[in-house]
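Going down the list, the sequences are from chains W and F.
With the numbering used here applied, the first sequence covers 12 to 258.
With the numbering used here applied, the second sequence covers 12 to 258.
No lab work stands behind these hints: they were computed from the structure.
Cβ atoms here follow ideal geometry from the backbone N, Cα and C, with glycine treated the same way.
Take these hints with a grain of salt, some might be off.
Below, a list of computed lysine to aspartate or glutamate pairs in the EDC-like style, where the Cα atoms sit at most 16 Å apart [unchecked claim]: (1) W:K142 - F:E238; (2) W:K135 - W:D51; (3) F:K142 - F:D51; (4) F:K142 - W:E238; (5) F:K257 - W:E238; (6) W:K95 - W:E124; (7) W:K257 - F:D200; (8) W:K129 - W:E101; (9) W:K257 - F:D51; (10) F:K43 - F:E63; (11) F:K135 - F:D200; (12) F:K257 - W:D200; (13) F:K195 - F:E238.
Some but not every residue of chain W turned toward chain F, in silico, with C-beta under 7 Å [unchecked claim]: (14) K106; (15) L145; (16) M252; (17) L256; (18) N258.
There are 2 protein chains.
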Amino acid sequence: MQLFYAPGLVGDFYTLTEEESVHCVKVLRVRKGDILTMTDGCGTRIVAEVVESDRKATSVHVLERHAGAAPLGYELIVACAPTKNIDRFEWFVEKAVEVGVTAIVPICCQNSERRVVKQERLAKIAVSAMKQSLKYTLPVVEPMCDFADFVKRDFAVTAGAGIGRDDIVDTQLFIAHCDPSEDKRLLRDAVSRGSRVVITIGPEGDFSAAEVEMAHSVGFASVSLGESRLRTETAALAAVMTVLLKN
Amino acid sequence: MQLFYAPGLVGDFYTLTEEESVHCVKVLRVRKGDILTMTDGCGTRIVAEVVESDRKATSVHVLERHAGAAPLGYELIVACAPTKNIDRFEWFVEKAVEVGVTAIVPICCQNSERRVVKQERLAKIAVSAMKQSLKYTLPVVEPMCDFADFVKRDFAVTAGAGIGRDDIVDTQLFIAHCDPSEDKRLLRDAVSRGSRVVITIGPEGDFSAAEVEMAHSVGFASVSLGESRLRTETAALAAVMTVLLKN
């Protein structure tokens, strides 16, 4: 099955973006009268008929709309310092979307070697992974944000970039770091089922002691991901899989 | 901390391979008298003093040897059909070693688009990931093997490529596939703590019905990794993380 992305689809007629049109017409040889399955990226599955197949602007007529698919049994916001080698972070974005995440926030930390990311490129990777894994909700990839600004957000209200769910009331805030002097719970023991989880993963040089302290002061609890020394992107994905497996 | 790989180290003196010597001397500027932490890849942590630093053949004198480190609380053999794009499979090898695996077996299936792999290259990736994640046991990366030959092995005896542990008595055999007509248990519910787990992951086109049947006939149970449609390499890593989290 092939899923198409139709951001902003609200009415009965819609014209695909140029990128999706090219994919439709040149790669998949879609023709007038063919039926497509699409998503608006907001949880709606849309069935539509091709009215005109055009390489630049394929248009469709909406036949069915199945709204309100609850994609995950949890809400998960991962704030992660992007790796120096951006391929590794892009890989994380792809895998996290496949496995299941609500929002990804690239954060800039004291020990960050990478202080800029191409948000648009990361967002494209997220779209592609959403389509590939047949998910109907597009996780948000936020712009780069300072660690201090991130941890000070009111997560009980804002829930990442505004993707809130009324049925989730419990919010858990975690900071994963490697300082062996602190006794930490394992994330897998600390996560509750069905909660909103916010977890921060530090850069290659780890969080600074000041950052850990700042996070503690606003309610974040330290956690460990286990005994292995994991790379940043592996740690971030391990956190996503841990939350998935607890739900 | 930096870990060096010293395969076959048994006596009191040892000469590093050219690759490790270059890394020692050119990159890390190791000199005579410096202390190195090394592993033989078989669970032994070795502390040694540099006797001669040489770009091609650095030699060391062993000071301490800590044998018998039990690296994992489980034994896990993942047989996975390599992806068409080999980068994705190489990525899996790196991450699986970081997270914790006993052996990786590339398998050739009916729907495999990739029927050859460079075993030596995959083994190098495993060594590098072992060192990076400070593990003292090197997982085996086996040569490519036919699916039918793999599932017919006597796992209770051979345990992958011979890495057996006396304390593990229970062997669990799983085949993860996507055929929706079969009711499958979730891997996370099916895995027991402290057991020897063998899991097979199919190629991009999934296992054929005949392959699933063949696996069943030799005691493999079908499992699902959840509702998301995961890429081959993501499914394989999800399996590794699931086993880790159950232990």
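Outcome of the hint check:
A distance of roughly 14 Å separates the Cα atoms of W:K142 and F:E238; the hinted pair therefore holds under the 16 Å criterion. Taking the CA atoms of W:K135 and W:D51, the gap is about 14 Å. The hint holds against a cut of 16 Å. Between F:K142 and F:D51 the CA atoms are separated by roughly 11 Å; this keeps the pair inside 16 Å, and the hint holds. Our distance criterion of 16 Å between C-alpha atoms is met by F:K142 and W:E238, whose separation comes to about 14 Å.
A threshold of 16 Å between alpha carbons decides the hint, and for F:K257 with W:E238 the separation of about 14 Å falls inside it, so the pair holds. Proximity of W:K95 to W:E124 is assessed by CA-CA distance (about 6 Å); at most 16 Å being required, the pair is judged to hold. For the hint linking W:K257 to F:D200, the alpha-carbon distance of about 11 Å falls within 16 Å, and the restraint holds. Taken as a hint, the W:K129 and W:E101 pair is honoured in the structure, with Cα atoms around 10 Å apart against an allowance of 16 Å.
Restraint check for W:K257 and F:D51: the C-alpha separation of about 36 Å exceeds 16 Å, so the hint is violated. Distance hint between F:K43 and F:E63 is fulfilled; the C-alpha atoms sit about 5 Å from each other, no more than 16 Å. Restraint check: the Cα-Cα separation between F:K135 and F:D200 comes to about 34 Å, which exceeds 16 Å; the hinted pair is violated. Proximity of F:K257 to W:D200 is assessed by CA-CA distance (about 11 Å); at most 16 Å being required, the pair is judged to hold.
Between F:K195 and F:E238 the alpha-carbon distance is near 11 Å, which keeps this suggested pair within the 16 Å criterion. Below 7 Å, beta-carbon pairs count as interface contacts, and W:K106 has one with chain F at about 6 Å; its hint therefore holds. Satisfaction of the interface hint for W:L145 is found here, the shortest Cβ-Cβ separation to chain F being roughly 5 Å, below the 7 Å cut-off. Interface restraint check for W:M252: the shortest CB-CB distance to chain F comes to about 4 Å, inside 7 Å, so the restraint holds.
Given hint, W:L256 at the interface with chain F, holds; its Cβ is 5 Å from that chain's nearest Cβ, closer than 7 Å. Evaluation of the W:N258 hint against chain F yields a violated restraint, the C-beta minimum of about 10 Å exceeding 7 Å.
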